[in-house]
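Undergrad: In case you want the letters, here they are:
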Amino acid sequence: MSEEEEDYYLELCERPVHFEKANPVNCVFFDEANKQVFAVRSGGATGVVVKGPEDRSPISFRMEDKGEVKCIKFSLGNKILAVQRTAKTVDFLNFLPDCPHLEYTQECKTKNANILGFCWTSSTEIVFITDQGIEFYQVLPEKRSLKLLKSQNINVNWYMYCPESSVILLSTTVLGNVLQPFYFRAGTMSKLSKFEIELPAAPKSTKLSLSERDIAMATIYGQLHVLFLRHHSRTSNSAGAEVVLYHLPREGVCKKTHILKLNRTGKFALNVVDNLVVVHHQDTETSVIFDIKLRGEFDGTITLHHPVLPARSIQPYQIPMAGPASVTSQSPVPCKLYSSSWIVFQPDIIISASQGYLWTLQVKLQPVVNLLLDKGRLMDFLLQRRDCKMVILSVCSQMLSESDRGTLPVIATVFDKLNHEYKKYLEAEQNYTMVVETGQSRSNPLLKRPVRTQAVIDQSDMYTHVLSVFTEKKHYLHELVIKTLVQHNLFYMLHQFLQYHVLSDSKPLACLLLSLESIYPPAHQLSLDMLKRLSTANDEIVEVLLSKHQVLAALRFIRGIGGHDNISARKFLDAAKQTEDNMLFYTIFRFFEQRNQRLRGNPNFTPGEHCDEHVAFFKQVFGDQALMKPTTF
Amino acid sequence: MAAAGAAQEKQFPPALLSFFIYNPRFGPREGEEEKKILFYHPNEVEKNEKIRNVGLCEAIVQFTRTFSPSKPAKSLHTQKNRQFFNEPEENFWMVMVVRNPMIEKHSKDGKPIVEYQEEELLLFNGTFLKAMEDGGVKVLKERLEKFFHRYLQTLHLQSCDLLDIFGGISFFPLDKMTYLKIQSFINKMEESLNIVKYTAFLYNDQLIWSGLEQDDMRILYKYLTTSLFPRHIEPELAGRDSPIRAEMPGNLQHYGRFLTGPLNLNDPEAKCRFPKIFVNTDDTYEELHLIVYKAMSAAVCFMIDASMQPSLDFCRRLDSIVGPQLTVLASDICEQYNINKRISGSEKEPQFKFIYFNHMNLAEKSTIHMRKTPSISLTSVHPDLMKILGDINSDFTRMDEDEEIIVKAMSDYWVVGKKSDQRELYVILNQKNANLIEVNEEVKKLCATQFNNIFFLD
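Residue numbers (numbering that gives the first Met the number 0), protein chains in the order written: chain A, 0 to 632; chain B, 0 to 457.
Honestly, the hints are just simulated from the structure, not real lab data.
No experiment lies behind these values; they were computed from the predicted model shown.
Note that the Cβ used here is the ideal one computed from N, Cα and C, for glycine as well.
Take these hints with a grain of salt, some might be off.
[Stated by the list, open to error] In silico DSS-like cross-links for lysine-lysine, where the CA-CA straight-line distance does not exceed 27 Å: (1) K482(A) to K196(B); (2) K69(A) to K87(A); (3) K340(B) to K423(A); (4) K423(A) to K443(B); (5) K443(B) to K482(A); (6) K180(B) to K416(A); (7) K175(B) to K423(A); (8) K221(B) to K175(B); (9) K388(A) to K447(A); (10) K193(A) to K292(A); (11) K187(B) to K416(A); (12) K570(A) to K547(A); (13) K149(A) to K78(A); (14) K547(A) to K443(B).
[Stated by the list, open to error] Across the chosen pairs, the derived CB separations fall in these ranges: (15) R397(B) to L583(A): 14 to 22 Å; (16) D331(B) to D386(A): 34 to 42 Å; (17) E88(B) to Q619(A): 34 to 42 Å; (18) L583(A) to Q430(B): 57 to 65 Å; (19) D331(B) to Q281(A): 46 to 54 Å; (20) E403(B) to Q619(A): 44 to 52 Å; (21) N565(A) to D331(B): 45 to 53 Å; (22) N565(A) to E88(B): 36 to 44 Å; (23) N565(A) to R341(B): 25 to 33 Å; (24) E428(A) to R397(B): 33 to 41 Å; (25) D457(A) to A305(B): 53 to 61 Å; (26) S191(B) to D386(A): 33 to 41 Å; (27) Q619(A) to R397(B): 26 to 34 Å.
Working from the sequences, and respecting the hints, build out all of it.
TA: Here's what the structure looks like:
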C-alpha cells in the first residue's frame, strides 16, 4: 500500500478552495487573472461570494438581479467589478471606498458586434473582445465612465487570455487556425505577429476547425508558449495525439519548437506546473509529464519529447466531509478524480464545479527518484524543479550509501551536474558584482541580481546532508578528506593531493599537517610550504622552525621578508641556547647586538628585552671582551 | 671555492668492466668456489679468473670488516678502476667494477647505480631468498641471468650525471581541475576493471599519480622512463598512416594500445603475458602483473594481483573501456597544459639553467637536460660543469645543515648549489664579469620566480 502511494508524482493541493457547487439557482464563474471563484446566487440578488486560493476570507456582497450573468470579474486588486449580462454591454460597479457605488454601463463601440467576453489587464484597464474585434478601455471610476484607448477590427471566433504575460490570443479566419496575439502594458496595446496552427489534415469543409479547447497558453521556463493539442499526428505512421508547443516571443515570429508525444488518443487536458507540461488523459484516468529542457530527439528545428515518467494517476484524494461543524468527525469521502465535471485552467488550476472545489496541481519529487532510473536524467530533471534541494541531496546520499551504491561513472555524472549548476550561479553572481562595481548597471536597466534557486547546492549543503554521515565528528570537507586518508594510512595519496593543490591552503590545514609529522615525516615540509604560500602565516613559520631548533633558518627567513627589526631577541636567544651549540648562540647573540647598534646606536640590550640571563651566559662562555663595543665616532 | 680543470683527454670514458653476484655460503670449501658465483658479466671471462676476482672481493670485505664490523667497505678505489660492493640481502653480494677515466674523474655516481640495480632487480624478481624458496639456486641463477642480460645494456655509465644520483621523479605540472579529472578517471577504471590493485598515471613520461608507495614508484618510474617507454617511441613517431602504425591494433575510435601484453587484440593467438613485479617487499611482499597502456602521451599502469592471469577477453575489455576515455583525457591534458603555459608565460626558454631535487617527494626538475634518452643524456652544458654539480652534491651529502656553495668554474661559468631542508638546487650561470654578490642576487631572483610557492630559504 505504502509502496503504491510512493508512486504518485502528482497531487492536488491539501487545502482547496471550497465554494457552493453549481446548481440551477447558483451560477459559478472562474476568473483566471485573479484566480477567483464567483458563486452568484439568483443573479446576485441573494448574494455573490468570491473566493481565491490566497485570500481565505471571502468577499460577499449583493447586487441587483438585472438578468442572467454571463461573465463576472474583478479588476486587479478587487477595485472594480465588471459584469456582463447582455451581448452588447458590460456593467461596472466600484468597490473603491471614495467612489460612487452606483452601477454604470459600457456598450461595445462596434455596430452589430456581440461581446464574447472581457479581460482586465490592470486595476483600471479592460479589454472587450467582440466577434468583430477588440476594444481597449480605461475605466474612470470617479466619473463612472469608460474611455476608449484603442480598438482593432478583426473577425474573431474565440479568444484566450494569459494574465501572467498580459497576452490575448484571438482565433481568426474561417478555419480559426490563424492566431493573432495582442500584448497589453500600461495603457498600450501592441499587436504581435500572427501565426498559423498547422491542422492535422486538410479540412474538408470551410467551417471552424480549431477549437479553443485544444489551445492553451502558459509561461514555461520564462517564455510564453502556445500549446496545441493535436489529436492526430500529421504523419500517419505515428498514431496517437501530441501536444505542439509554439514559442511566442514578445518580438519576432512565433515558432514551433517542441512536440510532446502522448502515444494515446481520447480526451486530454493540459496544465503547466513548475515548468512541466502535465497532460491528463480522461479515458485511462492517468497523467503524464513533459520537461522541454530534458534532452529529446532534435531534428534541427523541432525537439520531440516523450513523457519523463510512466503515466500515473493523480494521488487519490479524500474530501473532508462538508456539512455542519458538529458532524466534521464523519469519515472523509474519496474524491472522484478525472471526473467529466472537472474543468482545467492554466497554469495549474483544476475545478470541480459539481463538487465545489478548486485545487492547484502540484508535483511530488520524491516518487520521481524511484521512477526515473537514469540518474543523470533524474538530476537534469530535479535541478529544474522549484523545491529540489532536499530531494537532490537525498539522491546523493542514497547513491553513496553502502546498500544502494551507484557506480563511479554515475556518481561522477551526478556531481558534475551539481557542480555545473553551482558554477553557473557563481559566475552570474560574479558578473553581476562586476557590472555593479564598474557602474555599468545604469546603462543596463535589465540587469538583475541572479537568483539563488534551490538547485544551487554548495559545499556546506553537501557536507551537512550527504557526507557528514561518514564521520561521527563535525569537520569541514577538506578536513574530512584528510582524516579519512590518514585513517586508512593513505599518506602518499594525501601527499599527492597536496602536491597538486587539490586541497586548498589554509592555516588550520597546515596545522593539521604539522600534527601528522610524527606519523608521516614529509608532512612537515608540506606544512611549511603551505604556510609560505598563505603569506599571512610568517609568525607560524618562525614558530615551527624554532620548535625544530632551526634558529638560523628562522632568522634568515624573517630577515628575508624584512621582519627582523620587530622580533623578540629573547625568543631567538632562548631557542639558540636550547640547542647547546655555542657557536650558534654566538652568531644569534651577535646578530641582535648588531641590530641594537643599528636601531639605537648601542649594542646593549634594553631591560625591556629581558635578555640579562643571555648576556650573562654569553660573558660566561666567551668572556666580557667578546661583547660588541659601542661604535664611537 | 674550487676550480675545475678542463678535460684534456676524453678517449677513456668510464666503463663497466665487470659485474658479478655471489654468496660465500654456497661454496665454502676449497674446490667448490665456482658454486659461489650466481652471476658473472661478462660471461666470456675464464672460470679461474672469475673465481679469483670473487675471492679477492670476499677477502677485501672480510679484511675491512675487522675495522668496521657493522659497515664493511662499500667501494675500493685503485689507480685503474673502482669497485663497488653491495650486500642487498644477507650474504648476497653484488660487485661492480668500473674503469676510471684517464683523468681523475669523480665517480660517486657508481654507488647509487648499484643500488638502483638492486632495486630494479627487486622490482622484477623479488628477493634472492624468495627465489631460492621458489626453486633453489638454479632458478635464482636463471633469473639473474635473464634480468642482467637486458639490464646491463641499459646501463650507460658514461652519461650518468646528477639526475642519476637523485633517481628522482619528474612530476607533470597540472591544474587542480584536470588533476581531479585524472583522479576521477582512475577511480572509474579501478571500479569497472575491479581486479586492479594499484594504478599509476603518467603524461609525457612525467608522473601524475601513483597508487604505489613512493619507494616502489621510484623504481617503476625509472624502469618505465629509461627502458619501456624508449622502446616504444619509434612506432609513435612513425605517425598514423605509416606501415608500422598500420600493424597496430586497428581501432578508429581511440589511440589506446598495450605497451606490455598483447600487441594485436584481433589476433586470437595473441599472448597476454605481462611482466611480473614485486612491491612492498619489506612487509606484505606482493607479486603483481604490470599492464602498461598508452594513448597518445598519456600512459596508465594497472597492476593486478599475480594470482590472476589476465585473459585476452580481459585485455579486450580493458581496451574498450580505457581506450576511448584515455584518448579524450590525453587531449584534455594537452589542451589544459598549453593554456596554463600561455597564462604563466613559461613558453619562453628559461633564462636559468638549473636542477632541482626534493628528497621528500623525489621531485626533480631540470632545465639543463634537453631530453633524457636511454643511451645518452643530452645536456646543454659542458660535462665539466656537470662534474662540479656532482662534487657539490657529494659535499651536501656529508653535511646535515642547510648550506650554500658557490663555485666559479674555469670557463667563466658560475655554479651555485643550495640546500634547504630536504631540497637541493643547482644553478649554472653564464655571466662572465659577475661578482659573487651579483651571482647571489641572480639566484635569489630565480628562487623568487620559480620557487615562490614552496618554503625555500634564501
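Undergrad: Enumerate the violated hints, using their earlier numbering and listing them in ascending order.
TA: 4, 5, 17, 18, 20, 22, 23, 24, 25
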